[in-house]
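Q: Chains B and H, in that order, are what the protein sequence lines are.
Our numbering puts the first sequence at residues 1 to 452.
Our numbering puts the second sequence at residues 1001 to 1229.
Keep in mind that the hints were calculated from the coordinates and are not lab data.
The structure presented is a predicted model; accordingly, all values stated were derived computationally and were not measured.
Do not rely on the hints blindly, as some may be mistaken.
Covered stretches of chain H, going by a simulated chain B footprint (3 or more residues, C-beta under 8 angstroms) [unchecked claim]:
id	segment
1	1003 to 1014
2	1092 to 1106
Label pairs and their computed distance ranges (CB to CB) [as the list claims (entries may be wrong)]:
id	chain 1	residue 1	chain 2	residue 2	range
3	H	D1069	B	P318	39 to 49 angstroms
4	H	E1092	B	G198	36 to 46 angstroms
5	H	F1153	B	L390	42 to 52 angstroms
6	B	L200	H	D1069	43 to 53 angstroms
7	H	E1092	B	L200	53 to 63 angstroms
8	B	L390	H	D1204	28 to 38 angstroms
9	H	S1170	B	Q277	47 to 57 angstroms
10	H	A1068	B	D246	25 to 35 angstroms
11	H	R1137	B	S361	49 to 59 angstroms
12	B	L390	H	D1069	44 to 54 angstroms
13	H	A1068	B	P221	36 to 46 angstroms
Quick reminder that beta carbons are idealized off the backbone N, C-alpha and C, glycines included.
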Amino acid sequence: MNPSLIRRLLLVSSLVLAGFLGATGLALDQAFRNSLDASRTQRMEALLYTLLAAASLEEEGLVVEPPLADARFRTLESGLYARILDDAGRAVWRSQSLMGQAWSGTGTLPPGEQRWAEGQAAGEAVLVLSYGLEWEDPAVGAGRFTVELAEALSLRQAELQAYRQGLWGWLLGAAAALLLAQVMIQRWGLAPLRRVAGELDAIRRGKRQSLDENYPRELLPLTQSLNRLLKAERERGTRYRQALADLAHSLKTPLAVLRSRVESDPDTPAPAEVIEQIERMDSSLQYHLGRASRAGRAGLGESSPAAPVITRLQRAIPMPADRDVRIDVHCQPEARFPGPEADLMELLGNLLDNAAKWAASRIRLTVDQHQGRQLTLVVEDDGPGIPDTLRAQVLERGIRGDQSRPGQGLGLAVVRDLVNDYEGDLTISQSPLGGASLRVRLPLRPGVLAAT
Amino acid sequence: MRVLVIEDETQLAAQVAERLQSEGYVVDLANDGRTGLHLAQDYPIDLAIVDLGLPELSGLELIRRLRADGSRLPVLVLTARHQWQDRVEGLEAGADDYLTKPFRMEELLARMNALLRRAAGFAHPVLIAGPLALDTRAKQASMEGQPVALTAFEYRVLEYLMHRPGQAVSKTELTEHLYPDEADRDSNVIEVFVRRLRQKLDPDGTLQPIQTQRGLGYALRPGLGGDGR
C-alpha cells in the first residue's frame, strides 16, 4: 500500500522545514559570529588605544599607569591581558591580570605594524593583538616597543554558546509548532476526501445512490465523475439485466420450437440425446442467467416481510396431481428477509417445489427470526428423505437425487447460490416428519452466523 | 374444444397449433396481446394459452383485463420467464396454470386437459356420468366398463358434452367449438354425428345418454346416475 496522503505531506513538509530552518539557523549563526568577531576587533583596538593613552615612558621602559580603564586588567586570570615588550622582546610592563602567569610571546613588531594571532596566555587560548610603535619623550628619550593585548577565546565561545542555545531552541520550537499546524491543516483540508470515502462505502452498502453534490471546488471534478460513473454503472446494470432477460427469452423460444419439433413427430421419434441436449441447454440458460441477474441486486439495506410473500407464494407451488399434499406454515409475523421479495420467492419457491415433489402428504415450512440477528427457514417433508451420501450431491447443479422424479435439478442449486449471496448456510438433515429437512440460515446484519 | 393460442413467436405458435389440431382441438391464433384479448372476449373459446412477453398488450395485462371483465376462461401461461416471482404474479393476475419454455408438448397437453376438466368441475382425468366414462388422457370412452370405439370427431362431441354436465348445448355451439372454419359448419353434420354417437354408446336404446331438448340442443341425460364429480 502507498503511504497515506497525510504521512506523505508530513514527510515532505518536515524535510522542507528541516532544510529551511537549518539553513536559517546556520546563516544566523554565521552572521552572529561575524558580528562577534567584528565587535571584538573593535573592542580590542579600542582597549589598545586606551592603554596607550595611559602609557608613559619611564626609566625601565614604556609602562601604563594605573588605574587601568578596564577592570578586567586588574583581575587575575580575567581573560583580558596586556603587556608591553621592548625592542629586545623583554616585557617592560604586564597587566595585573597576568600576575605570575606565563605568556609565550609572539615576538616584537616594527613600529606602525599590527598583527592578529592566536596564542597561549595564562594557561588558556587567546587572541593576541600586537602593535609595534616608537615612543618618544623629550624628557626621557625614545624607544621601540610592542604592545600586546590578549583576550581569551573562551569568552567569545561562551557568548556564541549562549546565542546558539537560544537560536536553536527557538528554531526547534517553531518547527514543532509548524508541523503540528501542518497536521491539523491537512486533516481539515483532507476531510472532504474522507467524506467521499464514507459516502462511497454507503453506496456500496446500498444506503445511498450517489455522492453529495456539495463538495469543495477542487474535488467536484472527482465527485461529479464518480456520480456519472455510478449512474452509468446503474444504467449498465439495468441494461445488462434487461439484455439477460431478452437473451433468455430469445433463446428459450427457439429451444421450445426445437423441442416441440423433435417431439411432435410420432413417426420418427427424436433421439434421446437430442432431447437431453435441449434440456441441458435449458437448464444452463436458466441457471446462469438467473444467477447473473441476481448478482445485479446486492442492496444490503433492503428487507421484506416474510409472511405476505409466503402467503402469495404458497398458491403458486405446483402440487403433485396424484396425491394430496398439504403445506403447513409456521411463520413469525415479524420475520423479515434481508433482501428483495423476488429473492425470498426464488429461495422458498425452489425449496417448497422440491419438497412438493417428494412429500407423501405433508410439507412443513417454519420461519424464525432469532433476536433480529438471523432468519431461519426450514422446509420439511414426509417423503423418502435424502440419504447422507447424497446430501452434498443434491446441492450440486443439475444433479438430481433421483432421476425418475420430474424437475430439472436446478432448484436446490439456485437455493445454494442464493444462500451464498446472502452469506448464509444451507444444511440438509432428517426431519421428524420422516423426510428431508432443509434448513437455510441467513444473517440479518452483515457478519457471521451464530454457531450451530 | 376451442383453444386460443396467443404467442408472438409465429413458429412456436404454428407448432403448438399443429399439435393441438392433431389432438382434435380447434385452434385460434393471435400474434399480439390486443388481438388475443379481442378474440378471447368475443369468440367461443374454451381455453387460452398466453405468452407473457407479448407486443401491444402484455400477457399479464391481458389476463387482468379478461378477469376484470368477469371472464372465467381457463388461462394457461406459457412463458420463458422462469423466476418464481413471475410465476406468482402470473397466477395472481388470474392465470390458472403456468408453464415455462422450453416445455414438453405432452406436458402442455396434460395441463390443458386438467384445466378444462377443472373448469368443468371434474377433479379426476376420467370423467364419469353414470355408466358412461371418458378417459381424457387416453381419449377413450367406455359404457358400463366396456370400451366404445369412437372416431376422433365423435369423441370430441362427447367430450364437449361431458364437460358441460346438465347443460343443453346447441348445435351452433357445438360447431363453433368443434370446427375451425365457419365454412365447414353445417348443423346437419352435427345431427349425423350425434346419431352415430347415440348408436355406439347405446345400441339397444335403453339408456339414451344424449337427449335432445327441443329448441335448446343436446344434453347428457341428468338421470344418468353420476353427478359428474
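Q: Determine for every hint whether it applies to the structure shown.
A: Taking the hints in turn, this is what the structure says about them:
1. Given as covered by chain B, the segment 1003 to 1014 of chain H passes the check, having 3 residues with a CB less than 8 angstroms from a CB of that chain where 3 are the minimum.
2. Counting residues of the segment 1092 to 1106 of chain H whose C-beta lies closer than 8 angstroms to any C-beta of chain B gives 9; at least three are required, and the coverage claim holds.
3. As the Cβ distance of D1069(H) to P318(B) is approximately 27 angstroms, the hint placing it in 39 to 49 angstroms is violated.
4. At roughly 42 angstroms, the beta-carbon separation of E1092(H) and G198(B) lies within the given 36 to 46 angstroms, and the hint holds.
5. Distance hint check for F1153(H) and L390(B): the Cβ-Cβ separation is about 51 angstroms, which falls inside the suggested range of 42 to 52 angstroms.
6. Under the hint 43 to 53 angstroms, the C-beta atoms of L200(B) and D1069(H), about 52 angstroms apart, fit the expected range.
7. A hinted range of 53 to 63 angstroms for the beta carbons of E1092(H) and L200(B) is inconsistent with their spacing of about 39 angstroms.
8. Evaluation of the 28 to 38 angstroms hint for L390(B) and D1204(H) yields a failure: the beta carbon distance comes to about 60 angstroms.
9. In this structure, S1170(H) and Q277(B) meet the distance hint of 47 to 57 angstroms, their C-beta atoms being roughly 49 angstroms apart.
10. About 29 angstroms separates the C-beta atoms of A1068(H) and D246(B), a value consistent with the hinted range of 25 to 35 angstroms.
11. Between R1137(H) and S361(B) the beta carbon distance is about 24 angstroms. The supplied range of 49 to 59 angstroms is therefore violated.
12. For L390(B) and D1069(H), the Cβ-Cβ distance of about 50 angstroms falls inside the hinted range of 44 to 54 angstroms, so the restraint holds.
13. The supplied range of 36 to 46 angstroms is broken by A1068(H) and P221(B), whose beta-carbon atoms lie about 54 angstroms from each other.
Comparing the model with each earlier hint shows violations of hints 3, 7, 8, 11, 13; every other hint is respected.
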